[in-house]
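Chains as they are written, first to last, in my numbering: chain W, 450 to 714; chain H, -13 to 139; chain X, 45 to 304.
Hint data in this document are derived by calculation from the structure and do not stem from the laboratory. Please note that a few of the clues may not be correct.
To be verified - Per label pair, the in silico range of CB-to-CB distance:
| hint | chain 1 | residue 1 | chain 2 | residue 2 | range |
| --- | --- | --- | --- | --- | --- |
| 1 | X | 52 | H | 56 | 56 to 62 Å |
| 2 | X | 52 | W | 701 | 31 to 37 Å |
| 3 | X | 249 | W | 584 | 38 to 44 Å |
| 4 | X | 83 | H | 8 | 20 to 26 Å |
To be verified - Dumping the calculated SDA-like pairs for lysine to any residue here, alpha-carbon to alpha-carbon at most 20 Å:
| hint | chain 1 | residue 1 | chain 2 | residue 2 |
| --- | --- | --- | --- | --- |
| 5 | H | 43 | H | 26 |
| 6 | X | 88 | H | -6 |
| 7 | W | 503 | X | 245 |
| 8 | X | 232 | X | 249 |
| 9 | X | 232 | H | 50 |
| 10 | X | 232 | H | 117 |
| 11 | H | 43 | X | 127 |
| 12 | W | 503 | W | 478 |
| 13 | X | 88 | W | 527 |
| 14 | W | 503 | W | 514 |
| 15 | X | 232 | H | -5 |
| 16 | X | 232 | H | 8 |
| 17 | W | 503 | X | 232 |
| 18 | H | 43 | X | 239 |
| 19 | X | 232 | H | 125 |
| 20 | H | 43 | X | 238 |
| 21 | X | 88 | H | 17 |
| 22 | X | 232 | H | 1 |
| 23 | X | 232 | H | 42 |
| 24 | X | 88 | W | 585 |
| 25 | X | 88 | W | 635 |
| 26 | W | 510 | W | 527 |
| 27 | X | 232 | H | 9 |
| 28 | W | 477 | W | 658 |
| 29 | X | 232 | H | 48 |
| 30 | X | 88 | H | 1 |
| 31 | X | 232 | H | -6 |
| 32 | W | 503 | W | 543 |
| 33 | W | 522 | X | 72 |
| 34 | H | 43 | H | 17 |
| 35 | W | 503 | X | 239 |
| 36 | W | 477 | W | 515 |
| 37 | H | 43 | X | 72 |
| 38 | X | 88 | W | 548 |
| 39 | X | 88 | W | 614 |
| 40 | H | 43 | X | 234 |
Since this is a predicted model, take the numbers as computed values, not measurements. All C-beta atoms in this analysis are idealised placements derived from N, C-alpha and C, irrespective of residue type, glycine included.
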Amino acid sequence: MDLIEIDNLFFRRGERVIFDGLSMRIPKGRITAIMGPSGTGKTTLLRIIGGQLKPDSGSVKVDGVDVCSLSRKGLFELRRRMGMLFQSSALFTDLSVFENVAFPLRLHTDIDDDVIRDLSLMKLNAVGLRGARDLMPSQLSGGMARRVALARAIALDPDLLMYDEPFTGQDPIAMGVVLSLIKSLNDALGTTSVLVSHDIHETISIADQIFVISDGQVIGSGTPAELQQHNSERIRQFMNGLPDGPVPFHYPADDLRFDLLGGDA
Amino acid sequence: MRIRMIEITVGAFMLAGILALAFLAIRVSGVNLDRSDDVYRVTAVFDDVAGLRVRAKVSMSGVTLGRVSAIEIDTEFGEALVTMELNSSAGEISNDAGAQILTEGILGARYVGLVPGGSDEPFVDGDVIDSSNTQGALVIEKLVGDLVTRLGA
Amino acid sequence: MIRYLRLLGQSALGFLESLGRASMMWGLAIWGLPKRGDFSILVKQIYHIGVLSLVIIGLSAFSIGAVIALQFYTQLFRFGAQDTVGLGLALVLLRELGPVVTALLFAGRAGSAITAEISLMKTTDQLAAMEMMGIDPLQRVVAPRLWAGLLCLPMLTAVFNVVAIWGGSIVAVDWLGADRESYWALMKDGVLLWDDLVLGMTKSVVFAIVVTWIAVFQGYNSEPTAEGIGLATTRTVVVSSVAVLALDFLMTLVMYGDFQ
Chain W
450 MDLIEIDNLF FRRGERVIFD GLSMRIPKGR ITAIMGPSGT GKTTLLRIIG GQLKPDSGSV
510 KVDGVDVCSL SRKGLFELRR RMGMLFQSSA LFTDLSVFEN VAFPLRLHTD IDDDVIRDLS
570 LMKLNAVGLR GARDLMPSQL SGGMARRVAL ARAIALDPDL LMYDEPFTGQ DPIAMGVVLS
630 LIKSLNDALG TTSVLVSHDI HETISIADQI FVISDGQVIG SGTPAELQQH NSERIRQFMN
690 GLPDGPVPFH YPADDLRFDL LGGDA
Chain H
-13 MRIRMIEITV GAFMLAGILA LAFLAIRVSG VNLDRSDDVY RVTAVFDDVA GLRVRAKVSM
47 SGVTLGRVSA IEIDTEFGEA LVTMELNSSA GEISNDAGAQ ILTEGILGAR YVGLVPGGSD
107 EPFVDGDVID SSNTQGALVI EKLVGDLVTR LGA
Chain X
45 MIRYLRLLGQ SALGFLESLG RASMMWGLAI WGLPKRGDFS ILVKQIYHIG VLSLVIIGLS
105 AFSIGAVIAL QFYTQLFRFG AQDTVGLGLA LVLLRELGPV VTALLFAGRA GSAITAEISL
165 MKTTDQLAAM EMMGIDPLQR VVAPRLWAGL LCLPMLTAVF NVVAIWGGSI VAVDWLGADR
225 ESYWALMKDG VLLWDDLVLG MTKSVVFAIV VTWIAVFQGY NSEPTAEGIG LATTRTVVVS
285 SVAVLALDFL MTLVMYGDFQ
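The whole structure should be built from the sequences, with the hints applied where relevant.
Written out as structure tokens, the structure is:
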């Protein structure tokens, strides 16, 4: 059973083509990773799934509902069933840690303050930060902020959790914490997790399935083990972290010699 | 605690704003709350109302009785019809009073001055002061013109 | 030639597009408040937008009132009309200076803060995070600021006028020795409720709509970079100041234009 079905997706930003006929199926209840070199539009893909960006053509279905054709109201309804962890954590800087986690509960449910308090503390406990409830976001380290953001993302027990580069900019310990949290949350809540990253080792260690995208298309998919043995040179280059290969090290440019000898600036 | 402080100052701010508005209405623009705006209209016919404006004040012996509400021209006789709204609360004014166009100071605004009459009957709504009983505006240019003509003769 | 024509067309289209987006935002935000009307966010915004502007408004009002009274007094004294200082001051304030100066100060003090706050929230993905939670930032972030601005600017204008008239009385009456009774009595006699107070406050309401709208729109549509925040903040102050001055001229023409 697939939670997300993406078919023939085209998306252009200005003159640049980001997605060029991309299709993928994301299964329910598993951890799916979307990998690729930076700048391939991984974050853009998450935003399209969440309906924040509209594709030029193609269809994106979440649980059978076409995201692109939803009204503003319908979209907000659908998003209540999604949680997203932003790369920047995106905590509300004017609210305390506790209020950040309680925020979606307060706005989307009619439950009593006491219950909201208990629920929020439980979510904070799940990420190990129950003791930090009264701190303001500016007092948190990057790793702690991300864990608070995670607690906020799971506050409404979403069906779909999206992680945007959850490992970037974290020290090794914090990275380990986030890794085990993603894994355990997925197992405990039965959530479908979609994770966007270019950190190969961490991703391999938790993902059930990986899509590698490049040049706006899926160039390979499968389990981590399958991909590492893939017969395409591009995928092996990426999975093994080689600097140069079919995915070029250089941004497309004129010949260096020509440039240095003073072509046209 | 901090939230409470904010709420209190916001409350004080709104109160200050409303009080300021009330002050402007009552002390500055002189709205009288306890007076029902009971007025009656009297029209005066003038030969010349140069410089008189709608909303100019109407007074008698220096006491303001009301305001000018409309200035129109009677095309048939070429006379100006000045409609005045007089406050009932100012008391009754005998219906043979005259009207003049006066100036506050030398350069000040034009206003209508009523000249007390002797009749026992008071003005009622719709009364007219005819042109035999009114004196129009003194137009300085006209006076100077007259003077020059007279000196020349 | 064709190029310039194209450029003109482009900028006209761009202008219309942003006008359209701004109107849509305005509409969505204005209808947004009553639902889940979390009263406390509105109170907090009134605090930030209104209460914190009070000091600068009060100081400016006092000194402007005092200075105008001083100038009027020295000129009117030559005609022996120094008692009409209060009247002249009140008319100038209620009709023009009160609404205009308050709106300009408001744009600099509160408008720029609104823009900076919203664009920073945008830069740090807070608005996107809200959207992804199924919470409309137009309702949650934009609407309370619009309403607070709409409420605060007329209030601040009234406070400005009162403080300035009081400042004028301190200079003209207490210091220079105009007659206290005449200062207030002539003012009361000459100032009209409708022509002066109500029309002046109408201006203020129009300015409130325009300035907060510009501030919120610039924040919401800013480029999500450090440079973008700075640019948006500056643009709020410049655009809303120009808009206030231009609108004031137009409204003065319409309101007081029939010079018989």
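Hint check:
Checking the proposed 56 to 62 Å range against residue 52 of chain X and residue 56 of chain H shows it is violated: the Cβ atoms sit about 49 Å from each other. Distance hint for residue 52 of chain X and residue 701 of chain W: a CB-CB separation of about 35 Å, consistent with the stated range 31 to 37 Å. The hinted window of 38 to 44 Å between residue 249 of chain X and residue 584 of chain W holds, with their beta carbons roughly 42 Å apart. Distance hint for residue 83 of chain X and residue 8 of chain H: a CB-CB separation of about 25 Å, consistent with the stated range 20 to 26 Å.
With a C-alpha separation of about 15 Å, the suggested pairing of residue 43 of chain H with residue 26 of chain H holds against the 20 Å cut-off. Of the pairs offered as hints, the one joining residue 88 of chain X and residue -6 of chain H holds, with about 11 Å between alpha carbons and a cut-off of 20 Å not exceeded. Restraint check for residue 503 of chain W and residue 245 of chain X: not satisfied, since their Cα atoms lie roughly 44 Å apart, outside the 20 Å limit. Restraint check for residue 232 of chain X and residue 249 of chain X: the C-alpha separation of about 24 Å exceeds 20 Å, so the hint is violated.
Between residue 232 of chain X and residue 50 of chain H the CA atoms are separated by roughly 12 Å; this keeps the pair inside 20 Å, and the hint holds. The suggested pairing of residue 232 of chain X with residue 117 of chain H is violated, with an alpha-carbon distance near 33 Å, which exceeds 20 Å. With a CA separation close to 19 Å, the supplied pair residue 43 of chain H and residue 127 of chain X stays within the 20 Å bound. For a cut-off of 20 Å, the pair hint linking residue 503 of chain W to residue 478 of chain W is broken: about 26 Å separates their Cα positions.
A hinted pair counts as satisfied when its Cα atoms are at most 20 Å apart, and residue 88 of chain X with residue 527 of chain W does not qualify at roughly 30 Å. Proposed proximity of residue 503 of chain W and residue 514 of chain W is supported: the alpha carbons are some 15 Å apart, at most 20 Å. Distance check on the hinted pair: residue 232 of chain X and residue -5 of chain H sit about 31 Å apart at the alpha-carbon level, beyond 20 Å; violated. Between the alpha carbons of residue 232 of chain X and residue 8 of chain H the distance comes to roughly 13 Å, so the proposed pair stays at or under 20 Å and holds.
Proposed proximity of residue 503 of chain W and residue 232 of chain X is contradicted: the alpha carbons are some 61 Å apart, above 20 Å. With a C-alpha separation of about 15 Å, the suggested pairing of residue 43 of chain H with residue 239 of chain X holds against the 20 Å cut-off. Restraint check for residue 232 of chain X and residue 125 of chain H: not satisfied, since their Cα atoms lie roughly 29 Å apart, outside the 20 Å limit. Using a Cα cut-off of 20 Å, the hinted pair residue 43 of chain H and residue 238 of chain X holds, with the two alpha carbons roughly 16 Å apart.
Between residue 88 of chain X and residue 17 of chain H the alpha-carbon distance is near 34 Å, which puts this suggested pair outside the 20 Å criterion. Taking the CA atoms of residue 232 of chain X and residue 1 of chain H, the gap is about 23 Å. The hint is violated against a cut of 20 Å. Pair hint residue 232 of chain X plus residue 42 of chain H holds up; C-alpha atoms about 14 Å apart against a cutoff of 20 Å. The suggested pairing of residue 88 of chain X with residue 585 of chain W holds, with an alpha-carbon distance near 18 Å, which does not exceed 20 Å.
For the hint linking residue 88 of chain X to residue 635 of chain W, the alpha-carbon distance of about 38 Å lies beyond 20 Å, and the restraint is violated. Only pairs whose Cα atoms come within 20 Å are accepted, and residue 510 of chain W paired with residue 527 of chain W is accepted, the gap being roughly 11 Å. Taking the CA atoms of residue 232 of chain X and residue 9 of chain H, the gap is near 11 Å; set against the 20 Å cutoff, the hint holds. The straight-line distance between the Cα atoms of residue 477 of chain W and residue 658 of chain W is roughly 11 Å, inside the 20 Å bound, and the hint therefore holds.
For the suggested pair residue 232 of chain X and residue 48 of chain H, the alpha carbons sit about 16 Å apart, so the restraint of at most 20 Å is met. This hinted pair checks out: residue 88 of chain X and residue 1 of chain H have alpha carbons roughly 16 Å apart, not beyond 20 Å. Using a Cα cut-off of 20 Å, the hinted pair residue 232 of chain X and residue -6 of chain H is violated, with the two alpha carbons roughly 33 Å apart. Between residue 503 of chain W and residue 543 of chain W the alpha-carbon distance is near 30 Å, which puts this suggested pair outside the 20 Å criterion.
Under the criterion of a C-alpha separation no larger than 20 Å, the hint pairing residue 522 of chain W with residue 72 of chain X is consistent with the structure, at around 12 Å. Pair hint residue 43 of chain H plus residue 17 of chain H holds up; C-alpha atoms about 15 Å apart against a cutoff of 20 Å. Taking the CA atoms of residue 503 of chain W and residue 239 of chain X, the gap is about 52 Å. The hint is violated against a cut of 20 Å. Simply put, residue 477 of chain W and residue 515 of chain W have alpha-carbon atoms about 17 Å apart, close enough for the 20 Å limit, and the pair holds.
The hinted pair formed by residue 43 of chain H and residue 72 of chain X fails the criterion: a straight-line CA distance of about 48 Å is larger than 20 Å. Between residue 88 of chain X and residue 548 of chain W the alpha-carbon distance is near 16 Å, which keeps this suggested pair within the 20 Å criterion. Note on residue 88 of chain X and residue 614 of chain W: the hinted pairing is violated, with a Cα-Cα distance of about 34 Å set against a maximum of 20 Å. Note on residue 43 of chain H and residue 234 of chain X: the hinted pairing holds, with a Cα-Cα distance of about 9 Å set against a maximum of 20 Å.
The structure fails hints 1, 7, 8, 10, 12, 13, 15, 17, 19, 21, 22, 25, 31, 32, 35, 37 and 39 (numbered hints given earlier, in ascending order).
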